[in-house]
Amino acid sequence: MVDEKEKIVSEDMGVQVDKKEDIEMRSFGTIKRWATKRSLWMVHYCTGCGGIELAPLMTSRYDMERFGMHPMVTPRQSDLLLITGYVNIKTLKRIIRTYEQMPDPKYVVAFGSCPINGGPYWDSHVTINHLDKYLPVDIYIAGCMPRPQSIVKAFDDLMDMIQEGKADGYLRYKKYYDKYKANQEKIFRKWW
Amino acid sequence: MSQTKTIDLFFGPQHPGITGNFSVRVTVDGDTVVKAQVIPGFLHRGFEKLMEMRHWIQGPALICRICVPDPDHSETGYATAVERLAGIEVPERGRYIRSLMLEMSRLSAYLFYFGGYAGSIGLYTVGQWGVGDRDYILDLFEELTGARVYHIFNFPGGPRWDTPPGFEDKVDKLMDFLEKRLKEFDKLYFNNRVFIKRARGTAPMTKAYAQKMEVTGPNARATGWAIDVRKDDPYAAYPDLDFDIITQKEGDNYARVIQRRMEFEQSIDLIRQITRKLRKMPRGNVRVTPNPLHWKIPPGEAYGAVESSKGELGYYVVSDGGIGPYRMQARGPSISHGVQVYEEMVVGQRVADVAALMFSLDVCPPDIDR
Amino acid sequence: MSEQDFVERMAKFPGSEVKLLRKGQIAMKVPADKGHEAAEYLKKMGFTHLVAIEYVDWIKDNEFELVYNLFSYSSKMRVFLKVRISRDNPEYITFMDLWPVAMTHEREAHEMMGIKFKGNPNLTPFILEDWKEIPPMRKDFDSRKFVKEKYDSIPFVEDEP
Amino acid sequence: MSITDIVAIIGMAVFVPLLGLLFMGIARKITARIQNRIGPPFYQQYIDVMKLFSKRSNISHSWVFDIGPIFAVVGMLTTMLFIPMGGFQLLSFDGDLIVIMYLMVISGLGIALGAGASGNPNSGIGVMRALVLMMSYELPFVLILLSVMLYYNTTSLAEIVSKQADMAWAVLALPLSAIVADICLQGQFGEKPFDQPIAPAEVATGPMVEYGGKYLGMLMLWHAIAIIVEGSLFVNLFLGGGIVFDPSTYVGMALNFLVWIGLVFLMFFIALLINAVMPRYRIDQAFAFYWKWPTILAIIALIYVMVVSSW
Numbered sequence: 000m001v002d003e004k005e006k007i008v009s010e011d012m013g014v015q016v017d018k019k020e021d022i023e024m025r026s027f028g029t030i031k032r033w034a035t036k037r038s039l040w041m042v043h044y045c046t047g048c049g050g051i052e053l054a055p056l057m058t059s060r061y062d063m064e065r066f067g068m069h070p071m072v073t074p075r076q077s078d079l080l081l082i083t084g085y086v087n088i089k090t091l092k093r094i095i096r097t098y099e100q101m102p103d104p105k106y107v108v109a110f111g112s113c114p115i116n117g118g119p120y121w122d123s124h125v126t127i128n129h130l131d132k133y134l135p136v137d138i139y140i141a142g143c144m145p146r147p148q149s150i151v152k153a154f155d156d157l158m159d160m161i162q163e164g165k166a167d168g169y170l171r172y173k174k175y176y177d178k179y180k181a182n183q184e185k186i187f188r189k190w191w
Numbered sequence: 000m001s002q003t004k005t006i007d008l009f010f011g012p013q014h015p016g017i018t019g020n021f022s023v024r025v026t027v028d029g030d031t032v033v034k035a036q037v038i039p040g041f042l043h044r045g046f047e048k049l050m051e052m053r054h055w056i057q058g059p060a061l062i063c064r065i066c067v068p069d070p071d072h073s074e075t076g077y078a079t080a081v082e083r084l085a086g087i088e089v090p091e092r093g094r095y096i097r098s099l100m101l102e103m104s105r106l107s108a109y110l111f112y113f114g115g116y117a118g119s120i121g122l123y124t125v126g127q128w129g130v131g132d133r134d135y136i137l138d139l140f141e142e143l144t145g146a147r148v149y150h151i152f153n154f155p156g157g158p159r160w161d162t163p164p165g166f167e168d169k170v171d172k173l174m175d176f177l178e179k180r181l182k183e184f185d186k187l188y189f190n191n192r193v194f195i196k197r198a199r200g201t202a203p204m205t206k207a208y209a210q211k212m213e214v215t216g217p218n219a220r221a222t223g224w225a226i227d228v229r230k231d232d233p234y235a236a237y238p239d240l241d242f243d244i245i246t247q248k249e250g251d252n253y254a255r256v257i258q259r260r261m262e263f264e265q266s267i268d269l270i271r272q273i274t275r276k277l278r279k280m281p282r283g284n285v286r287v288t289p290n291p292l293h294w295k296i297p298p299g300e301a302y303g304a305v306e307s308s309k310g311e312l313g314y315y316v317v318s319d320g321g322i323g324p325y326r327m328q329a330r331g332p333s334i335s336h337g338v339q340v341y342e343e344m345v346v347g348q349r350v351a352d353v354a355a356l357m358f359s360l361d362v363c364p365p366d367i368d369r
Numbered sequence: 000m001s002e003q004d005f006v007e008r009m010a011k012f013p014g015s016e017v018k019l020l021r022k023g024q025i026a027m028k029v030p031a032d033k034g035h036e037a038a039e040y041l042k043k044m045g046f047t048h049l050v051a052i053e054y055v056d057w058i059k060d061n062e063f064e065l066v067y068n069l070f071s072y073s074s075k076m077r078v079f080l081k082v083r084i085s086r087d088n089p090e091y092i093t094f095m096d097l098w099p100v101a102m103t104h105e106r107e108a109h110e111m112m113g114i115k116f117k118g119n120p121n122l123t124p125f126i127l128e129d130w131k132e133i134p135p136m137r138k139d140f141d142s143r144k145f146v147k148e149k150y151d152s153i154p155f156v157e158d159e160p
Numbered sequence: 000m001s002i003t004d005i006v007a008i009i010g011m012a013v014f015v016p017l018l019g020l021l022f023m024g025i026a027r028k029i030t031a032r033i034q035n036r037i038g039p040p041f042y043q044q045y046i047d048v049m050k051l052f053s054k055r056s057n058i059s060h061s062w063v064f065d066i067g068p069i070f071a072v073v074g075m076l077t078t079m080l081f082i083p084m085g086g087f088q089l090l091s092f093d094g095d096l097i098v099i100m101y102l103m104v105i106s107g108l109g110i111a112l113g114a115g116a117s118g119n120p121n122s123g124i125g126v127m128r129a130l131v132l133m134m135s136y137e138l139p140f141v142l143i144l145l146s147v148m149l150y151y152n153t154t155s156l157a158e159i160v161s162k163q164a165d166m167a168w169a170v171l172a173l174p175l176s177a178i179v180a181d182i183c184l185q186g187q188f189g190e191k192p193f194d195q196p197i198a199p200a201e202v203a204t205g206p207m208v209e210y211g212g213k214y215l216g217m218l219m220l221w222h223a224i225a226i227i228v229e230g231s232l233f234v235n236l237f238l239g240g241g242i243v244f245d246p247s248t249y250v251g252m253a254l255n256f257l258v259w260i261g262l263v264f265l266m267f268f269i270a271l272l273i274n275a276v277m278p279r280y281r282i283d284q285a286f287a288f289y290w291k292w293p294t295i296l297a298i299i300a301l302i303y304v305m306v307v308s309s310w
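Chains as they are written, first to last, in numbering that gives the first Met the number 0: chain A, 0 to 191; chain B, 0 to 369; chain C, 0 to 160; chain D, 0 to 310.
Any given hint could be a false lead.
Pairs of lysine-lysine, BS3-like flavour, derived with a Cα cap of 27 Å [claimed, not checked]:
#1 B/Lys211 to C/Lys117
#2 C/Lys59 to C/Lys115
#3 C/Lys43 to A/Lys185
#4 B/Lys295 to C/Lys18
#5 C/Lys59 to B/Lys211
#6 B/Lys211 to C/Lys75
#7 C/Lys43 to B/Lys206
#8 A/Lys185 to A/Lys152
#9 A/Lys173 to D/Lys213
If you are wondering where the hints come from, they were derived from the structure by calculation, not from laboratory data. Remember, predicted model here, so these are calculated numbers, not experimental data.
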């Protein structure tokens, strides 16, 4: 069965997909996406204060592992990057580095008000106010702190998006790579 | 060949052996650390600058974000400093509610701490239980303040409002539950032979060293040095409460963990004392904050400190007579034990104890970065 | 010893200006060149705990104020030892010999306020990374303007069509 | 080698990883229950492997890095061929016990090789720890093997199993050896307190630190096979290989196979329960631990067997 949705995503985004991979993706797309959504491993990286609400989420009260999600130690092993709260420039550099180390497909969830527009730190000299200028974000969770329930809801939505093939942040990153890189270079004086 | 080969290991910022977003670069010779360099700053937000652009009353909304696991101490530290500067006396009930919140916050921070240290040596069950139990404390916070983590409740002048009816009973019930749980933690964790073997004798800190390096809080008390801001520079309702300073002797990882465990029990006791008093007190009068929209404080400076779960957390506030602070500076407890002390103590330890030492010292990176 | 005794003893230090702020908190102002001496004097009096080094930018007076926040565990007293240095050439001496942990506080003050501490070997970048503007905690650093110019001017990558 | 043998080998090579993954899934569920959680579904591990193999990009560092996991899986599968599994044994000859010991080390070396090629210092330290750990538990384990070989007077695993069916199970005849072997099994499984090689808070999963996507999927399969092989080795040595029914009938064979699965899971379950309530030792402490009491007990067990068998 040809999977129409996957085809639309890959063609719409203008990303080069070689023929073999394309066929493979069409034939097993649904199953692969199902497996991906049911086993989202997140990078163990608390980039901001939102990390505090991840702990209840991972432990007995809300138990994220029910959905097959659990923290993984290195970016190489993970699928999901959580930006938990405000992003300092110094951290952003590490976040981008972490993001680029993750294998495709990969997803980004931005947590709390701060990555959306700066939140309470909108006039701080070190926090970047809009995360999506530097990294593609798949889903935002508003609020400070977002409650565990809303985080679970966001993960649920992300899973639906993955199943429908709408979670295309990593494809957008490839498509607009030059623009993202240009923005990143504008705020970092030097890379390393 | 006399020169040995050393490897540089990066602990963090993306690493599970780090207490948050923080980084340590350790140089390892074989399995032993020969040099360590702490790299903070990933959580810098410039609170001190932001505060200069806010009103006095906007402070708590920002300040609570300084140390995430323990936000109430940040709020109260700022509130105490501003009250001292403005010469405000908080009503008795307000002081008691404040103390109640602080001790509950301490309990939740310690539950986090237990899980953190246990996680660093691989005993994840403690973390799962501890953080799960912590959630019941957060539920009570939610009932009292409306928020789980950042409460924005302890304003300069007193807590925002009085406790809801029946709150004291719920707190007491939770304390009974936590006391019961602590016995299970004893079995699983504090009396675990592998834990004792791992922690005892690891990275000992002497009393003289703690005094030399200005270490405060439970880390200092674990070396046998009886200091406590609650006694030395009393705030909230602590002058009226009955408690002693608990100390340990050895100052190693084991003593540091057990110190927290003892203080956990003490906090439960303090909370019971507070709820007993709160029941007897007339309700209503908790806050005396002036109208915040044109609240000006005469020029001057003041320092207010609290004993947070990590050590002395203080705020130095300067006013030039305006509607907001002219300058505010925070003294995070981790600035002493998280930077220089950690860098010196980790030398000579095994790679396996780099994370364990960091968790046992309870380094809170946003304290340092602010 | 009562607070008044402390105030009197501190006032004996040449050039000092002592004020009892409130219960348990004393402010002591000394000329910049006497700072280290005064700190030693206070340490001998029992103020052994250096809580923090606070730094205030008094831009109207064109001066930086360094506040050494000292605490005495024996008498439960706190003293703010204040020295003022010129804003044009912010330089002071290190207190590392009295309190080793001063190194970290001075490193922070150097980064955030641009004050150089003679004798401190470790004035390397601490919290900020690649910071080329004027130190951020100075009063003449306008953080809102900076944010507008640096972060808000960057375009969004994917604008809605 | 006949067609049926080849079919059996392929069948086992498919079945054993699936069984191991099931065990790992149940393990996660049980650990979750101990930790007051609901936990993932028992088939979570299959989803994880499926996801890992469907990853679209896989980062390679060098060809040695690539062949590492393959080496490990193939090594483990080869080991599996020599191990009786509830009455099924694919390859067997005199002295296969010694071959098994060698092969198990070889598959571990595959990972060491690949991880070493990744260039990450954490993998280097993890590999070093894994080798030290292996050295620690191999000494008492080899002593125990010696005692079992002496007691049954053979070096063939199949023969040990068949002799146990005639006599009593070795766990009854040699209880001390069984206890020491179980302590060593904890280290072989890599469960706490002996999970130093992959300690996340210390070396960030050690050898696996650079492996992602399909490589990690391979390593997961390797781990799944390893659980079965190591558990099965213990079951064969001490629990009679699970042979309780008459193996000449088909029903008996099927029941034996189920008993074998149950016994392997029992061994894994015991390791799991200890794993859930123990922190990990430091690597030097683990080394000291294994070379102290287990080794002393293993020597006592060996002397006991020597005395008993010389009578």
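Hint check:
As the CA atoms of B/Lys211 and C/Lys117 are separated by approximately 21 Å, the hinted pair is consistent with the 27 Å bound. Of the supplied pair hints, the one linking C/Lys59 and C/Lys115 holds, its CA atoms being roughly 21 Å apart against a limit of 27 Å. Between C/Lys43 and A/Lys185 the CA atoms are separated by roughly 53 Å; this puts the pair beyond 27 Å, and the hint is violated. Distance check on the hinted pair: B/Lys295 and C/Lys18 sit about 22 Å apart at the alpha-carbon level, within 27 Å; holds.
For a cut-off of 27 Å, the pair hint linking C/Lys59 to B/Lys211 is broken: about 37 Å separates their Cα positions. Distance hint between B/Lys211 and C/Lys75 is fulfilled; the C-alpha atoms sit about 18 Å from each other, no more than 27 Å. Proposed proximity of C/Lys43 and B/Lys206 is supported: the alpha carbons are some 20 Å apart, at most 27 Å. A C-alpha spacing of about 35 Å is found between A/Lys185 and A/Lys152, which places the hinted pair above 27 Å, so the restraint is violated.
With a CA separation close to 22 Å, the supplied pair A/Lys173 and D/Lys213 stays within the 27 Å bound.
Consistency note: the structure conflicts with the earlier hints numbered 3, 5, 8.
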